[in-house]
Amino acid sequence: MIQRETLINWALFALLPATALIALWMDEPFIITLATKVAILALAGVGLNIALGLGGLVSLGHAAFFGIGGYAMGILASHAQSYAPLMQTPVLIEGTTSMPVIWLVAILASALAALAIGALSLRTTGVYFIMITLAFGQMLYYFAISWPAYGGEDGLSIYVRNGFPGLNTLDPIQFFAVAFVVLAAVLFFAGRLARAPFGLALAAARQNPERVETVGLAPYRLRLVAFVLSGAVTGLAGALFADLNRFVSPTMFSWQMSGEIMIFVILGGVGRLFGPVAGAALFILLEHVLGGLSDYWHVYLGGLLLLVVLFARGGMIGLAAGREVAHD
Amino acid sequence: MSLILLIEQVLNGLQFGVMLFLMAAGLTLIFGVMGLINLAHGSLYMVGAFAAAAVAGLTGSFVLALLASLIAAAAAGALVELLVIRRLYDRDHLDQVLATFALILMFSEGTRWVFGSFPLFLDIPAALAQPVSLPGGILYPAYRLLIIAIGLAIAVGLFQLIARTRIGIQIRAGEADREMIAALGVDISKLYTLVFALGAALAGLAGALVGAIQSVQVGMGEPVLILAFVVIVIGGIGSIKGALVGALLVGLTDTLGGVLLPPLFATFMEASSASSVGSSLASMSIYILMAAVLLYKPTGLFGSTT
Chain V
1 MIQRETLINW ALFALLPATA LIALWMDEPF IITLATKVAI LALAGVGLNI ALGLGGLVSL
61 GHAAFFGIGG YAMGILASHA QSYAPLMQTP VLIEGTTSMP VIWLVAILAS ALAALAIGAL
121 SLRTTGVYFI MITLAFGQML YYFAISWPAY GGEDGLSIYV RNGFPGLNTL DPIQFFAVAF
181 VVLAAVLFFA GRLARAPFGL ALAAARQNPE RVETVGLAPY RLRLVAFVLS GAVTGLAGAL
241 FADLNRFVSP TMFSWQMSGE IMIFVILGGV GRLFGPVAGA ALFILLEHVL GGLSDYWHVY
301 LGGLLLLVVL FARGGMIGLA AGREVAHD
Chain U
1001 MSLILLIEQV LNGLQFGVML FLMAAGLTLI FGVMGLINLA HGSLYMVGAF AAAAVAGLTG
1061 SFVLALLASL IAAAAAGALV ELLVIRRLYD RDHLDQVLAT FALILMFSEG TRWVFGSFPL
1121 FLDIPAALAQ PVSLPGGILY PAYRLLIIAI GLAIAVGLFQ LIARTRIGIQ IRAGEADREM
1181 IAALGVDISK LYTLVFALGA ALAGLAGALV GAIQSVQVGM GEPVLILAFV VIVIGGIGSI
1241 KGALVGALLV GLTDTLGGVL LPPLFATFME ASSASSVGSS LASMSIYILM AAVLLYKPTG
1301 LFGSTT
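If you read the protein sequences in the order shown, they are chains V and U. Position one of the first sequence corresponds to residue 1 (the working numbering), numbered consecutively onward. Position one of the second sequence corresponds to residue 1001 (the working numbering), numbered consecutively onward.
No lab work stands behind these hints, which were simulated from the structure alone. C-beta: ideal position from N, C-alpha, C; glycine also.
Here are the simulated lysine to any residue pairs, SDA-like style, with alpha carbons at most 25 Å apart:
#1 U:1241 - V:125
#2 U:1190 - U:1067
#3 U:1241 - U:1093
#4 U:1241 - V:124
Simulated coverage check for chain V against chain U, where a stretch passes if three residues somewhere in it have a Cβ under 8 Å from a Cβ of chain U:
#5 118-129
#6 138-145
Some chain V residues well away from chain U (every beta-carbon gap over 10 Å; in silico):
#7 19
#8 27
#9 214
Bound-form chain V, shown alone (with noise of 0.2 Å):
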C-alpha cells in the first residue's frame, strides 16, 4: 500500500516537468504558466497542509497569509520600481527585486501575522476554530481593500518579475523551474517534517491531546508551531503567485481563496503529502477543461466537490485507503 502511494506520488511529481518540457517542445508557453501556476498553488496547498493534515487545525484563513506573501512582494517591488525607500527612519530599507529577498520577507512577515493569529485562533477549538481563522482572513481583506497605499481595492501591478540571480525569470521555462524546485524543497521539508520527533508529536496532538499532555508536551504550543510553519509556507507561495501574475490585489486575501486553497488539499487527499499537488493539477485542469465548456463550470466544481466529501473521503490518492482520522 505504502510503495503503491510512493509511486502515484513520483509519478505525479514527474508528471508536472514533464508537461512544462513538452509544452516547451511545442512551442506552448500557456502550458507552462498553467504548470508553474500548479507549482505554485500546490505550495499553497502543501503549506495548508501542515496544519490541516498533520495538525488537524481546519483553517479556513489561510489567504492571509497568502496574501501578506502578496503584498510582500508587492510592496517590495513597487518601492524598487519607483525608487522610493520603504522607509528611512531609523533605518534606510530600499524596496527590492530581487527573488530571494522577497521570499525571505514574505515568509518572515506571513510567519508573524500566523503566530499572532494562531496564538489567539488556537485558544479556541472545533467550529470555533474554523469561523475565528475565517474572520481573521477577512480582517486582512477588508484592511488591504480600505489602505489606500499600496493601491486599495484595485490592488498593486508589476510591470518587470523580479529577477533570480543567474536566471531570466521572464522566460516562462525558467520561472517553472524557480517554482518547481521551490515546491520540491518544501515537499521534501514537510515530507521530514511529518517523520520528525516534532511531526509525531503533531500528530498524536491531533488524535489524542490528552495522552501527548500526560508525557509532558504542550498541544497548545505544538499547534502554534504548525501553525506559523503553515502559514509561512503559503505566505512564500502567495509571493510566487503575485510575481508569476506580475500582479497583486485583495482577492488575494479573499475567503474564496482559503476555500480553494482548502480546495486542493482535500481533492488530492488530507494528510497525504502529495495530495496538494494532485488536487491543485485537477482543479486546474478542470478549471481549463470545464471553463472552456460552460462559463458557470463553478457548478459542476461544485458538485464534483460535493461527491469527493460525500463518497470519495481520502481525496484522489486516498481513494483506495480506506477512512482518515478524524480532524475536529
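Model the placement of chain U on the given structure of chain V, informed by the hints.
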C-alpha cells in the same frame, strides 16, 4: 458631530444588527441542534432576495415578495437538508465545511445562470419610502424603522417559540441529547429538516429585506455570512440570546466605527492619513471586538463552558 447624526447612526447600527440577528439565529440554531456548521447559509439569504426580486417584478407587491422569500428559502433549505446536509451530521467539521462550500459554488453559479450577472433591484414600497419624523426632530427612513421592528418582533417570536412551544421543547431537548429524544418518540429527522428550513426562512427574509436597500446580486450572501459567524462566535455558538446580543454589538460597532473613528483620528493626525487609518481600523473593528471577547471568554459571551 451633532447628536441627531449620532442617533441616526445608532439607528442604522440597530437596523444592521437585527438583520445580522436573522442570519445568525438560523446559523446558531442549526449548529446548536444538529452540530452542523453551514457555510451555505449565505446562499439561502441570496435565494430569499432573488425570489423576492423576481416576485416583486412580476406582481409589484412587496408583501407577496416577502412571502416568496420566506417560502423559497425554506423550500431550498428543506431540499438541501434532505439531499445533502443530512449525510453530514455524523461527519467531522472539515467535511461539513467542504460540502457546504461546494453548495455555495453551486448556488452562486446556478443563480448566475438563471438570473444573469447583473444585479436586480427590489423597490421599497411607496408607502414606506418617505422618512418619518421621530421625537427630537430626527428624520429617519420609514423602511429602516420597519426592518428594526420586524427584526425585533421575530426575535421575540423566536424566544417564545423556543421557550414556550412543544416544538421549542423538542428543539432544546435535541440540543441536549439526540438519542434520548429519538427514544421518546420524536421523529428526529423531521425535526432537523424543520429546524433547517426555519433557519433558512429567516435568512431568506433577511435577504429580501436588505435586498430592497442594497442591490440583489450573486455573492451578496457571503459577506453577511461571515459577519454572522463573527456574531455567533461573540455571542456563543448555540445561544439565541447570544446571537441577539452579538448581532447588536457587531451592528453598532461596525456602523459607529465607520462614522466615529476617522474624525477621532483627525484630532491628532493630519486629515488625509487620519481618514485612511481611521477607515482601515473601522473595517477591522468588529474583528478586534471578536478577538477581545475571545481573550476574555473563549466560548463567547453566552456559550456553554463545557
